[in-house]
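Asks: Take each chain as given, in its own frame, and dock them per the hints.
Residue numbers (our numbering), protein chains in the order written: chain F, 1371 to 1501; chain S, 822 to 1122.
Think of the hints as simulated: they come from the structure by calculation, not from any bench. None of the values given here were measured: they were computed from a predicted structure. Check before you lean on any hint, since a few could be wrong.
[Said to hold, decoys possible] Among chain S residues calculated to face chain F with C-beta under 10 Å, some are: (1) Lys850; (2) Ile924; (3) His926; (4) Ser929; (5) Glu930; (6) Ala931; (7) Asn1025; (8) Lys1026; (9) Leu1029; (10) Ser1030; (11) Gly1035; (12) Leu1042; (13) Ser1043; (14) Gly1116; (15) Arg1117; (16) Trp1118.
For glycine and all other residues, C-beta sits at the position ideal for the given N, C-alpha and C.
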Amino acid sequence: MATKLKKVLIVEDDLSQKQLWNFVISRVSEHAEVDWAVSSEQALTMIKKNKSVGQLYDLLIVDLFLAGSETGLDLLRSKEVMSVGPKTILVSAIDQKNFEDQLSQELAHIKLIIKPLNIIKCENTIVELVS
Amino acid sequence: MKLMSDQYTYKPVIVITGCGSGLGYELAKALSNREDYRVLITARAHKVEKLRQSFTENDRFKIRELDILNDQNIYNVIHDICNEWGRVDVIVNNAAVCYRGVIEHMDSEAELLQLRTNYLGPMSLVRAVLPIMREQRSGQIINISSVSGILAMPTMGSYSASKHALEGASEALWYEEKPFGIRVNIVELGFVNSESFHNVVLSNKAKLSTLLKGPHSEYYLSMSPFIEKLMKLSVSPPRKIASKIIDVIEKQPTTLRIAATPDVWLFDFIRRIVPSKILNYLFWFMLPGSLSWGGRWRKSS
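The shape of chain S in the complex, shown without the other chains (with noise of 0.2 Å):
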C-alpha cells in the first residue's frame, strides 16, 4: 500500500458515492475534468455501466461498483484506491434513497433499508476512511442530507428519521475527528430542481391507499403534487449544487451545516426562531390540504 506516499505531486483523492443519478452524478460530471483532483466515483452494479459510457476512466478518474448495504465491498473499495493512490483525502457520502409512506404504511423491511442506505451505509464508509485520515492528519468527510434532517413532514417520516441519524452521528464526528485535522460537513438539500422527485420510493400500502382512496390517501394527493412544484420552482438544479460541494471542498469550512438550497436556511431560520409549541401547528395550516387530511377518517373537533 502507497499510504502517505508522496511518489506523486499531490493531488487531494476525493471518494464519491451514489453517482449513478442526480447530485451524485452532476458531482462526477463536474469533477472529471478537474486536473487538480483524483476521483474515485461508485454507483451500485446496475448503474456502473452508465457510468463508464459516460465517463472516461484515467490514472486520475476512477470508476467502481460499490454497494453502500455492504460492508466487505466498502473495505475493499477503499482498499484498493490506496493502494493505488496512496490516500483519500475527502469522502462525500451522497448515496440515499428516498420513501414516501406514512409511518403506518412503512413495513420494517422498507424502514431498515432506508436506515442502512442513509445511515449505516455512510457510518460503514466513515469508519473505513478514518484510520487512513488520522495517519493523514487531514481529511474531509461531506454527509449529503436534507432539510428532513431538521425537520420531519408527513409522507417522510422515515426517511426524516435516517437523515436525523446521519446528521447526530455527523455532529458527533464532527467533535471527535477535529483534533485529527478532520473536517466534518452536512451538506443539507432542500427542494432540488430536478426529476429525482421521481425516483421517490413509495411503499405497498402507500401505492395501494393512494389507488383506493384509503385512509391517509389524502396525504399522498396532496403532498405529492405540492412538492413537486416546490420542486419545479426551485431555484437548485443538481448542477449548482454539485457545485456548491465542490466549493466546500475547495474551501475546508469548519461549519459543521452548510445549507446548499435557500428554503433550507429559511426552514431552519424559522425552526429557530418560532417556539417549538407553536412551530408544529404553523406548519400544519401551511400544508396543502392539511384541513381535510384523514378524510372520512378524520375526527371530528
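Chain F on its own, in the form it takes in the complex (with noise of 0.2 Å):
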C-alpha cells in the first residue's frame, strides 16, 4: 500500500495515539516524516515553519479537541491551512450524524475517522485520501 507520502503534521493532544499513528504512517509510506503538535497554535507555528523554507505537509491529520485555546476547527478554518489547502484527515469522538448535520457542508474536502480508533480504519482512509 506504498503511496507518495512524505510529510506529515498529526494534530492531537492525545499522546497515547502517538504510536498507532506512526505504525499507521510506516505502512503507508515508508520514508515519510512525521510531525506532531498538541495545540493548533503549535501545529500553525510549524506549519509556517515549514513554508518558509519550501515544504509543504502533503497530509494533515487533526483532532477535533486539542490542547490550548482552539480546536481542530479553528485551525482548519485558518488561513495557513485554507490557503495551503493539504489533504485532511478529521479525528474525533463525535458521533458521525452531528458532523454531517452541522459541518459537512463546510468540511466536505475532509475525511472523518471517529475514534475509537484502530489500524484498519486509519490506514484504509490515509490511502483513500492521497492515492
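Replies: Here's what the structure looks like:
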C-alpha cells in the first residue's frame, strides 16, 4: 500500500495515540516524515516554519479537541491551512451524524475518522485520501 | 494628598468595581442618590460610556475606568481618589468573569483570565487600599463571592476555583486586618434573578462540544437550562442584593461570610450537616440528567 506521502503533520493532544499513528504512517509510506503538535497554535507555527523553507505537509491529521484555547476546527479554518489546502483527516469522538448535520458542507473535502481508532480504519482512510 | 484630612464633612468613601452591568450597576444606582456617601464607581473602558450616560458625576459621585487586571491602573485610581477625597472607607470587589466549561474544555489562557479577574485583581485592589485603611484605623473590604466559593458543580470548576481562592484569601485577611479596625466581609451570591446567565462565557471547546454533541455535551445540555430555570425562580433580583450590600456597608458586621441569597444559606447548611463521603453522591443524584452524563462514552457500571 505504498503511497507518495512525504511529510505528515499530526495534531493531537492524546499522546497515547502517537505509537498507533507512527505505525500506520510507516505502513502507508515507509519514508514519510511525521511531525506532531498538541495544539492548533503549535501546529500553525510548524506549518509557517515549514512553508518558509518551501516545505508543505502532504497530509494533516487533526483531532477536534486539542490542548490550548483553539480547536481542530479553528486550525482547519485558519488562513495558513485554507491557503495551502492540504489533504486532511479530522479525528474525533463525536457522532458522525452530528458532524454531517453541522459541518459536512463546510468540511466536504475532509475525511472524518471516529474514535476509537484502529489501525485498519486509519490506514484505509489515508490510502483512500492520498492515493 | 489630602489623606486623613478633616476639611470635609465626613462622608465615607466607597469604591466599587465591575459597575458596567448586573449587581455592580444596581449597586451604583442605589448609591447614586445617597447624600451620606462619596462613591466611586468603576468599570472597564467599553462600559464606562454607558455609566456616564446613566449617571451624573458630581462632587460625591464619580465614574472612572478601571481594568482590574492592570495593577498600575488600580494604583492610579486609588491614588487619584485619595487625592480628591482624602480617604477610602469601603471597597466592593464585585468585578468578575464566569466561564462555563468542564475542566477538559478549559485552557490555561481562560483559566488565567478567570483567576486574574476573580482573585488576583481583587487582591491587588485590597493591597492598594490596605495602607490607607490602616492609617485611618478603619475600613471595610467587601469581596463578592458565590455559592461556587463553597461548593463546586460540574461545568463550573474553574469559576469555583477562582471563588474558593477569593474566599480563602478573604478569610486570612479577616484575621490579618482585625487588629487595625479593618472589617472583611465575603458576600456570597447564589441564584440571582437576572439576565446575568447570558453573560456566562463558554470556552471554545465547550461551544464546539455543545454544537456537535461531543463528550461532555450532556453536561452543558442539562446544566445550562437547569441553572437558567433556577435563576428565573430566584426571589433575589440584583436590586435586592444591592440593598443587602448597602446594609452590610451600613451595619459593618463582624461576621466574615454573609449569605446574600437563601440558596447560599441552604447549600452551606447541607454541606455542614451531610458527611462529605455522602455529599457528592447526594448532589450527583440531585443534578438533572446526571444518570445519562457521559453519553455513549460513559463507563458501564
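Asks: Next, verify each hint and record whether it holds.
Replies: Now for the hints, and whether the structure bears them out:
Hint on Lys850(S) is violated. Least Cβ distance to chain F is approximately 36 Å, over the 10 Å limit. Taking 10 Å as the C-beta cut-off, the interface hint given for Ile924(S) is violated, the closest approach to chain F being about 13 Å. Restraint check, His926(S) versus chain F: the minimum CB separation of about 8 Å is within 10 Å; hint holds. Among the interface hints, the one on Ser929(S) holds; its C-beta lies about 8 Å from the nearest C-beta in chain F, closer than the 10 Å criterion.
Checking Glu930(S) against chain F by beta carbon gives a least distance of about 5 Å; that is within 10 Å, so the hint holds. The interface hint given for Ala931(S) holds, since its Cβ lies 6 Å from the closest Cβ of chain F, which is under the 10 Å cut-off. Taking 10 Å as the C-beta contact cut-off toward chain F, the hint placing Asn1025(S) at the interface holds, the least distance being around 6 Å. Because the smallest distance between the Cβ of Lys1026(S) and any Cβ of chain F comes to about 6 Å, under 10 Å, the interface hint for this residue holds.
Look at Leu1029(S): its Cβ gets to within about 5 Å of chain F, closer than 10 Å, so that hint holds up. With its C-beta approaching chain F no nearer than about 7 Å, Ser1030(S) sits inside the 10 Å limit, and its interface hint holds. A least Cβ separation of about 4 Å between Gly1035(S) and chain F falls short of the 10 Å threshold, and the interface hint therefore holds. A least Cβ separation of about 12 Å between Leu1042(S) and chain F goes past the 10 Å threshold, and the interface hint is therefore violated.
Nearest Cβ of chain F to the Cβ of Ser1043(S): about 17 Å, over the 10 Å cut. The hint is violated. A distance limit of 10 Å between C-beta atoms decides the matter here; for Gly1116(S) the minimum to chain F is near 9 Å, and the interface restraint holds. For the restraint placing Arg1117(S) at the interface with chain F, the shortest Cβ-Cβ distance is roughly 8 Å, inside the 10 Å limit, so the hint holds. Below 10 Å, beta-carbon pairs count as interface contacts, and Trp1118(S) has one with chain F at about 7 Å; its hint therefore holds.
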